[in-house]
Amino acid sequence: MQVESSNPQLASIGKAEKERFLPRQTEKQKVPEIIVLVDERDNPIGYEEKLAAHRDGGKLHRAFSIFIFNSKKQALLQLRSKAKHHFQSLWSNPCCSHPIKGEKLEAAVHRKLKQELGFDTPLKETFSFVYKATDPKSGLTEHEFDHVFIGQYDRDPKPNPEEVDDWKWVTLAELQRDLDKNPAKYTPWFPIAFNKLRKENLGLSEA
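End of the sequence shown sits at 208 in the numbering used here; the numbers just go up one at a time, nothing left out.
Don't read these hints as lab results, they were simulated from the structure. Possibly wrong hints are sitting among the right ones.
[What the hints assert, rightly or not] Listed below are the simulated DSSO-like cross-link pairs for lysine-lysine, each with C-alpha atoms no more than 30 Å apart in a straight line:
1. 200 <-> 125
2. 133 <-> 51
3. 73 <-> 125
4. 73 <-> 51
5. 197 <-> 113
Put together the whole structure using the sequences plus the hints.
See the structure below:
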């Protein structure tokens with residue numbers, strides 16, 4: 002599969018570039034992230050510390066997945082960091098996370114996009130879905146009411162090396178072929194969202 006990869010860029014990233022992310026990581030380690038528990042209609046029903054919400058089979062919680070495309074009709078993918086708590090070293094859409102207690106969904110998507118990929122761009126919510134998947138390595142479970150956002154960006158990202166091990170731009174056709182051939186390379190939520198985006202032609206028509 003022909004792709005444009007950033008591996009050399011991440012491999013050569015300087016100490017100063019890495020250090021600009023360290024204060025956020027230090028603060029993140031000290032302050033537990035409290036996320037929003039919801040029912041099957043996304044109505045808030047409580048709050049839970051993030052890791053606790055992923056243990057013991059997982060509690061349904063509010064989440065989001067961001068898809069970024071460029072004007073060449075290529076999709077941006079990220080390789081999840083080996084330091085992630087679950088589903089490490091798998092390819093996925095460029096940003097997935099949760100709004101925290103008291104945070105609006107729209108604010109959360111832009112916060113995390115800037116935090117993880119180093120850029121911001123207009124985003125549009127396209128649909129939502131509920132899924133549940135357990136990571137066999139960690140035993141942690143994602144049980145999410147997942148809001149899917151799409152946006153366009155025509156420059157390369159500047160990823161947070163604490164969150165992202167690699168990234169690439171890939172055409173939609175190439176991505177679909179690789180998903181069909183090598184599904185184990187990807188996070189479980191990614192093909193669900195991507196296939197719905199393509200099936201319903203939600204801004205993903207081929208050039």
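Hints, verified against the model:
Among the hinted pairs, residue 200 with residue 125 is consistent with the structure: their alpha-carbon atoms are about 18 Å apart, no more than 30 Å. At most 30 Å may separate the alpha-carbon atoms for a hinted pair to count; residue 133 and residue 51 meet this at roughly 15 Å. The suggested pairing of residue 73 with residue 125 holds, with an alpha-carbon distance near 19 Å, which does not exceed 30 Å. In summary, the hint linking residue 73 to residue 51 is not supported, as the alpha carbons are separated by about 36 Å, beyond the 30 Å threshold.
With a C-alpha separation of about 23 Å, the suggested pair residue 197 and residue 113 falls inside the 30 Å cut-off, and the hint holds.
Against the hints set out earlier in the document, a violation occurs for number 4 only.
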